[in-house]
Each structure stands twice: as structure tokens, then as C-alpha cells.
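K.L.:
Required output: the full structure, derived from the provided sequences and hints.
Okay, here's what each chain looks like letter by letter:
Number of protein chains: 4
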Amino acid sequence: MGERLTEISEPFPDRVEVRGRDLAGDLMGRVGFTEYVHLLLTGDEPTDDQRFFLDLLLVSIAEHGLMPSNVAARITLAADPSSLQGAVAAGILGAGPVVLGASEECARLLEQAVASGRAPGDVTREIHEAGGRVPGFGHPLHKPLDPRAERILALADERGVSGPHVAYARALRDAVATEWGKPLTLNVAMPMAAVLLDLGYPVVAAKAVPILARTAGLLAHLAEEQEHPIGFLLADRAALTGG
Amino acid sequence: MGERLTEISEPFPDRVEVRGRDLAGDLMGRVGFTEYVHLLLTGDEPTDDQRFFLDLLLVSIAEHGLMPSNVAARITLAADPSSLQGAVAAGILGAGPVVLGASEECARLLEQAVASGRAPGDVTREIHEAGGRVPGFGHPLHKPLDPRAERILALADERGVSGPHVAYARALRDAVATEWGKPLTLNVAMPMAAVLLDLGYPVVAAKAVPILARTAGLLAHLAEEQEHPIGFLLADRAALTGG
Amino acid sequence: MGERLTEISEPFPDRVEVRGRDLAGDLMGRVGFTEYVHLLLTGDEPTDDQRFFLDLLLVSIAEHGLMPSNVAARITLAADPSSLQGAVAAGILGAGPVVLGASEECARLLEQAVASGRAPGDVTREIHEAGGRVPGFGHPLHKPLDPRAERILALADERGVSGPHVAYARALRDAVATEWGKPLTLNVAMPMAAVLLDLGYPVVAAKAVPILARTAGLLAHLAEEQEHPIGFLLADRAALTGG
Amino acid sequence: MGERLTEISEPFPDRVEVRGRDLAGDLMGRVGFTEYVHLLLTGDEPTDDQRFFLDLLLVSIAEHGLMPSNVAARITLAADPSSLQGAVAAGILGAGPVVLGASEECARLLEQAVASGRAPGDVTREIHEAGGRVPGFGHPLHKPLDPRAERILALADERGVSGPHVAYARALRDAVATEWGKPLTLNVAMPMAAVLLDLGYPVVAAKAVPILARTAGLLAHLAEEQEHPIGFLLADRAALTGG
Numbered sequence: 259m260g261e262r263l264t265e266i267s268e269p270f271p272d273r274v275e276v277r278g279r280d281l282a283g284d285l286m287g288r289v290g291f292t293e294y295v296h297l298l299l300t301g302d303e304p305t306d307d308q309r310f311f312l313d314l315l316l317v318s319i320a321e322h323g324l325m326p327s328n329v330a331a332r333i334t335l336a337a338d339p340s341s342l343q344g345a346v347a348a349g350i351l352g353a354g355p356v357v358l359g360a361s362e363e364c365a366r367l368l369e370q371a372v373a374s375g376r377a378p379g380d381v382t383r384e385i386h387e388a389g390g391r392v393p394g395f396g397h398p399l400h401k402p403l404d405p406r407a408e409r410i411l412a413l414a415d416e417r418g419v420s421g422p423h424v425a426y427a428r429a430l431r432d433a434v435a436t437e438w439g440k441p442l443t444l445n446v447a448m449p450m451a452a453v454l455l456d457l458g459y460p461v462v463a464a465k466a467v468p469i470l471a472r473t474a475g476l477l478a479h480l481a482e483e484q485e486h487p488i489g490f491l492l493a494d495r496a497a498l499t500g501g
Numbered sequence: 259m260g261e262r263l264t265e266i267s268e269p270f271p272d273r274v275e276v277r278g279r280d281l282a283g284d285l286m287g288r289v290g291f292t293e294y295v296h297l298l299l300t301g302d303e304p305t306d307d308q309r310f311f312l313d314l315l316l317v318s319i320a321e322h323g324l325m326p327s328n329v330a331a332r333i334t335l336a337a338d339p340s341s342l343q344g345a346v347a348a349g350i351l352g353a354g355p356v357v358l359g360a361s362e363e364c365a366r367l368l369e370q371a372v373a374s375g376r377a378p379g380d381v382t383r384e385i386h387e388a389g390g391r392v393p394g395f396g397h398p399l400h401k402p403l404d405p406r407a408e409r410i411l412a413l414a415d416e417r418g419v420s421g422p423h424v425a426y427a428r429a430l431r432d433a434v435a436t437e438w439g440k441p442l443t444l445n446v447a448m449p450m451a452a453v454l455l456d457l458g459y460p461v462v463a464a465k466a467v468p469i470l471a472r473t474a475g476l477l478a479h480l481a482e483e484q485e486h487p488i489g490f491l492l493a494d495r496a497a498l499t500g501g
Numbered sequence: 259m260g261e262r263l264t265e266i267s268e269p270f271p272d273r274v275e276v277r278g279r280d281l282a283g284d285l286m287g288r289v290g291f292t293e294y295v296h297l298l299l300t301g302d303e304p305t306d307d308q309r310f311f312l313d314l315l316l317v318s319i320a321e322h323g324l325m326p327s328n329v330a331a332r333i334t335l336a337a338d339p340s341s342l343q344g345a346v347a348a349g350i351l352g353a354g355p356v357v358l359g360a361s362e363e364c365a366r367l368l369e370q371a372v373a374s375g376r377a378p379g380d381v382t383r384e385i386h387e388a389g390g391r392v393p394g395f396g397h398p399l400h401k402p403l404d405p406r407a408e409r410i411l412a413l414a415d416e417r418g419v420s421g422p423h424v425a426y427a428r429a430l431r432d433a434v435a436t437e438w439g440k441p442l443t444l445n446v447a448m449p450m451a452a453v454l455l456d457l458g459y460p461v462v463a464a465k466a467v468p469i470l471a472r473t474a475g476l477l478a479h480l481a482e483e484q485e486h487p488i489g490f491l492l493a494d495r496a497a498l499t500g501g
Numbered sequence: 259m260g261e262r263l264t265e266i267s268e269p270f271p272d273r274v275e276v277r278g279r280d281l282a283g284d285l286m287g288r289v290g291f292t293e294y295v296h297l298l299l300t301g302d303e304p305t306d307d308q309r310f311f312l313d314l315l316l317v318s319i320a321e322h323g324l325m326p327s328n329v330a331a332r333i334t335l336a337a338d339p340s341s342l343q344g345a346v347a348a349g350i351l352g353a354g355p356v357v358l359g360a361s362e363e364c365a366r367l368l369e370q371a372v373a374s375g376r377a378p379g380d381v382t383r384e385i386h387e388a389g390g391r392v393p394g395f396g397h398p399l400h401k402p403l404d405p406r407a408e409r410i411l412a413l414a415d416e417r418g419v420s421g422p423h424v425a426y427a428r429a430l431r432d433a434v435a436t437e438w439g440k441p442l443t444l445n446v447a448m449p450m451a452a453v454l455l456d457l458g459y460p461v462v463a464a465k466a467v468p469i470l471a472r473t474a475g476l477l478a479h480l481a482e483e484q485e486h487p488i489g490f491l492l493a494d495r496a497a498l499t500g501g
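Protein chains in written order, with our numbering: chain A, 259 to 501; chain B, 259 to 501; chain C, 259 to 501; chain D, 259 to 501.
In short, the hints are calculated from the structure, not lab data.
Fair warning: this is a prediction, and the values are worked out from it, not measured in the lab.
The reader is advised that the hints may include incorrect statements.
It does not matter which identical chain is meant; a pair holds if it fits inside one copy or across any two.
[Claimed, not checked] Simulated crosslink set (SDA-like; lysine to any residue; CA at most 20 Å straight-line):
id: 1; residue 1: Lys440; residue 2: Pro271
id: 2; residue 1: Lys440; residue 2: His386
id: 3; residue 1: Lys401; residue 2: Leu498
id: 4; residue 1: Lys401; residue 2: Glu268
id: 5; residue 1: Lys440; residue 2: Pro398
id: 6; residue 1: Lys401; residue 2: Glu275
id: 7; residue 1: Lys401; residue 2: Asp272
id: 8; residue 1: Lys440; residue 2: Asp415
P.N.:
Here it is as C-alpha cells:
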């Protein structure tokens, strides 16, 4: 008797089963990609709110100009033009905590803080006194507000999905302003994490969603790079020591 | 005066412009992720047919069980559990011509063949006589039909988007059967390429679409790996020389 | 006036300067690769002992059979045969803390413990009571001794380079046996870290050395894969659910 | 009975066998890393000439300033500081034909040309007439000579290892100058390929050697990046559209 190594999908000669459904006979043509992403990740089809906000969050984070990871990917494609997948991989490798992964840290913080019932002021003070920074605050360009963060919060309220994690994210904004003596930009990472948790997603979704979103942005930059190459120009501008 | 390095997007302090639109003010909450992918890649919002088939193709190719790239990604996450992005990158690196990239070769073949007006039998014979194989034919498991390929073709007909590239893909099926003396499975790569071309997408989309789709499948496997680790088991089973 | 972004090297039309030396005129043909690695990493040429042990450690850790990262790399090359660099990258991505990176954790532990003067028994007990494991102990195959670890310690003694970090590594072996009530294999990671620190290398070397070493092993497996492909066989064996 | 999947190495509880030798008992402390690389790749220990030139070639190609792949790797480490292996992987992914992989193309060209006995002028003319470029010629900075290439050729003559492939590389220099009507820089890729072939290495070595060498350069840049971070500065300089 065979063992079953994964619950996600299994291919057979005449069909592919995904999460217990028939891929060609049931899913293809009926569910959109966003719903399918939800099904793959969780095993269930999304509610309307889950689908709406999964779309919203993927759109919010996919692209933000010539970010470091797009620069690295375009340089990589210039050096190895035949490997689109290599350049995508190089770009995704820059999806670390500093640039993109803050939403996972935000999700972890929110989950623990809400579960423990600790006051935002206490959580913030503890982080500050330990010499740390609260994830999800600050942005080099968007000041005083990150328009994407505000839009997510507004839509969460408008559609009635704001729950304890969104409330805690907002309370953190005030606590951070008090603790640091000035307001800091609530960037897109914190509302993304809060909404995902309020909609029932696990913490890992707060990292999976930005990685998937950013892959779309990378593919757009790499398609453009094939038409209008700037990869070596970017590398030259970066490295130029002249003056 | 500043130069403009990319046409895709540009961030400003109070907004992010993507393809000339305001990300937070216009796109977020209005367009879904699939439409946004189309906008990022092409600069325009999709027609209904483009959105429908982009969804369909992304769904068709995202996941197919414990494929080699999913195995490689799960092994990589087991070895470095803190780097989801590293494991995704490792999985994407396996998205090469043998496993996933056939659709790009199919697109190139279809584009040239349709543009040149050459007969499918001539194209097939030339490839065969050169000792080659026609891309998009044959599958180790799905015989005689790949259910995903058939579903794509049926929906293309049903919605009236089948054009010269879909017709050529079908003609190739007959030509291949004649040339090799037996029918070979038309796998999912060829209808995917044909439909993308008939809908006006560039050849690069035939590689970008599977990479984005597969990233979703990888993320599902890696989320499962975090809950139920099998990465080292997979590596052990692969390497076991005993008996 | 130009700024200087890196101290490592600078190319000019008629020469390449590396760490202040003329690459073609001075280094090429005079220094071996191991000495050059030392020069690149540290800015200085190595002493005889540094060169001997850098060679030793690189040799000790480069290859260990069909390890998970070699499996992942061979699967990746099978899927994308034209990209040797992609398969190497996939293999290196598995060089994380579980499989390969333990030496960096060992170096950090040894550096702090020796600097603080804390007793090995106290350090070990603290880790145990916190539910943790001491890095560098335990091996699935090599029991009760890891032959590579013993050889490194013996040569460190023989050549008189054993200092406080090697002494601490040995003391940890006894402390771990006492704390856990049974001896655990001192694996190759701990002596590697200890010798590097006693020879004056920074902590980062304890991760750089295994990554460089393992790249050589990966390249050997990938050269063999090109001659005798087993990548898909490995993936099939891993994924096979039958019985 | 167990099958044997790889000829490179096999670990046992009390020893590790590499290419039929006992790693701890025989190789560690006796062979240097360069000799070990040769043993891993080929199955044999190198002759003195093979070791000398393997060292020479690894040294010649490891580092060349803030090259595109070093830029991409430093940007990636800045974005994900905890993953040295991720940043190395990103850097290696840029080791494609344009920047680094020309030596493999040179090796393929030299092997076929020498085996076929075709005249350099004919080979060059055919490439030119097909609209192509001869690999290994031209360099954006090193003009009219690449000092590394000249040094390799001089040492190959001096130590008596120059054979038919080195002779052909030299003849190509003249043929290219005649065909294009002006001399082009013979860059480091061509002598590297020629010497490897004259010393009996397979074509794959012409790609493996630069990848291993470049990994050392990447590790030096990433160690420096940890001490003196410039990754985000590089990305900013690259992307800056202002003026």
C-alpha cells in the first residue's frame, strides 16, 4: 500500500486531483487564479471576503518601481539572458526581512500580542528598551503615510472584516508615536499582516503572499528587460566610482 | 533632467504610479491579481477573454503533485527552514525547458510556423529528420490525452478565441501522429502557447505564465512542509542505495 | 574625485589590483587558490598554518555523498540542463543551518563563551534548560565519532595551533555528555569553527568556508550528472508513493 | 543488493570514501583544496602541471571589482542579511554566458576546431558571415590586451603545456584581426579554455572553474558587505532617475 506524502495534489493518468477536486473537470474555467492560490494554500475555496482581500493584497505589494530586488534581477538577466527563471530566482532571494519580509514579522507580533492580551504600549516599550524596532513602521519614501497601507485599512473597515488584529495594528501606530515621540509611517506590511490574520489565514501567508506578488512584478521587469535592456547600465551606475 | 529607466511603475512620496495609474487610488480594490498581472506585463488592462484565459492557464499549470521542482524546494526548506524565499528560488530554478519551459518553445514554434505559412507536415518532418522532437508532445503519465490540454482547447473553442495558433497546434497533433507513426500526447504546453498567441500575448508570456503559476504551487508545498516536514525523507528516499 | 566602494579589488585598463597587489604581475602563478581565498577574504596573505588549515577544512567539508543539497542540485540540472549555474545556486540554497551552517553557530557560541569565560557546563546547562541543542553535536550516520572532526583536532594539536577555542570545543564534548547523560557525536562543524577562530579568522569565515567547499562538491556532482543523469530518477524515487 | 548512484563519494559510519580514498585517513592534511577539486571532478589526483594551472586559472578569474554579479549579490544580502547562501546564489546566477560563461563556448569552439582540423580563418569567416561573434574576444575595459590572458599564455609556454588548443587560440587572434580588420582583445576566457583542454580537462571544466573561482570573490564581497554595507547604496545609485 502506498503512503501519501502530500495532501495538496496527485496526478493520475486521466486526471489531476488538487485538494480533492478534479483540476480539468472542475477547477479549470470555474475558479480564478486568486481563488486557486487560496485553495492550494489552505485546502478550501475562499469566501468572497477572502478572495477580495487576497486580490487586494497581492495587487498592493507586487510592484514598487526599481526596487533592489528588481535591480538585482535585471542585472542577472543581462548576464544570463537565456534563463528567465534564474533572474526571477535572484530577485526572489532579495525578498528578505529588510525589503519584503516585514509582513511575516508583523504577523508574528500581532498574533502573539492579540493572543496574550498585552497592551500595545507595553509591547512597544519592551521592544524599544531592548534596542529594537517595531516591524512595519517607517518607510524611506512614503511619509507621513503609506498610501497602500491606508487603502487596505479603509477597505477592511468598509467591508467589515477589520477585527482584533487590525485594531491592534492601529493601536500600535499610536503607541509607536508615543514611545518614539513622533509619528512613524505605518507601512504596507502591518495592515497586510493584520487583515490576513483577521480573515483566518495562518502566519505563513504573510510571507507567501508578498513572494507570489513580487514574482509578478519581477516577471514584468524581466519582460521589459528583454525588450529594453538596462541591466548592465544599472550595474555600471551602481559600481561607477568616478566623479 | 532625470531619465526614465522603466515604464512599469514609479513610486512617489504620496502615491505609486503603475502603468500610468494610481495604485492605491485606482487599482487596489478594483482590479484582481490576474488583471494586475496582465497590466504589469503588457501595460494595458485585459479584455474579458484575456482575463478568463490568463486565469485558466495559471490554474492549469500551477500544481501537479510532487514534481521534481517541488521535491527540490522541500529538500531546500528542510535544510534552511528560515528562508522561504530560498526554497522558492530553488524550486523556480528547476522551471527549465525539460519540465516546465516547453511552452516557450511551443510559442516560438507556433509563431514562426504561422507567420511563415509552412505546412505542419513539413515542419514536423524537418524536426524529425534532424533527430529532434516537436516540443509539447509526449507525457510520462498522461496518455493518450493530457486532460488539461483538452480542457484548454475545449474552452478556447467554446469562447470563440481559437485562432490560427490553436488551429496549428491541432494540425501538429495529426502531423506528429503521421510522422512518428503513432499518436503522441499533446501536453498542456502547446495549447497554453497557442491560446496566449491567439489572444495577442508576446512569446515571453509563454514562459512568464508557468513561472508565476508554479510559484503558487511551490508556496503551497512549502507551507505544507512547515507543518508536515518531509524534505529530509524525500532526500533520503532519493539517495538510499540500500536493498 | 571618485569614491571607493570596495577595498577588495579594482580593475584598470592595463591591470587588475586585488588587495593592493597586481593580479597578473604578482599573484597569478605565485599564489595558489587557497592562499588567494585567504587574501580575498582578509586582505592579507596567509601564514603557513592558515593556509594548511584552510586547505584542510575546505577538503573536509566539500563532499559527503548524495546529501540533500546534491540531490536538489541534480534534480534542478535535470530539469534545466543548460544552466550549470542555476543548479549550483539551487544546491547552495540548501546550505542552511540544519545541513551545513552549523559551523557558523558553533563559531558564535565559541567566540562568546571564550570571551566571557563562562564554564562549559554552565553554557551547556543553560541551552538544555531552554529546550535547545548545542550546535555541532549529533550526526545521523557518524557514531560515536565523526572521523573528519577527530582528524581536524589531531592535526590542530600536531601542528600546535590548538588554542582556547579548540580547548573549549573539547570541553563542550564532556559537558554535553554529562548534561545529556550520554556522549553525542562531536561533528565536523565544531572543530572547523574552533580551528578557524584559533587561527584568527572572523566568525563569517565559518560560513564562507563550507559554502566554498560545498560548491566544489556540487560542481563534481553536476559534471557527473551531465555524463550519467540520475536527477529525474532521484526525483521519482523521492516522490514515489507506490508500494 | 544496493545500487550505486554516484561514483564520487559514499559516507559510512566510520569513514567517508571519496573517489575510492579515505577522506579523513588519507586525503585530509595531505592534499590541498585545489588538488581535491581536481580529484572530485575527474576521479584522479592532478599532475603537477594540472595543479599549477588549476590554481592559476582559479586565481585569474575569481575577482574583478564591482562586477554585475557582485553588485547583485551585495544588493541581495542587504535585503536579506541573514542568508549568506542566498546572496551567493544570486551572484552565481549571474555567471551566465555574457559575463562569465564565455570560457565554455571557447572550449567548445576550440575542441571542435582542433578535432576537425579546420583553418582558423575559415572558422572565423563562417562565424562572421553568420552575423556572430567569436567567443573570447573583446573586453569593455582591457584594451588592447587583457593582462590575465597574456599571463596565462606566457606561463603555459614557460612550463611547456601549450599544445594544439593554445596554438589554435593564438591563431584565432590573428584570424579575428584579419576578418574584422582590426585587433580585438583576446580576453581571459579563451586562454583559460585552451589551457584546460591542452591539460586534458573536459569541456565542462571550462564552466566549473569560473563558477568555483567566482564563488570565492562573491564570499569576499559578502564578508565585506557585512562589515561595510553598500548594498542599498548600490541599488539606489542604479535606480536613481534624478538629475
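K.L.:
Hint by hint, which ones does the structure fall short of?
P.N.:
8
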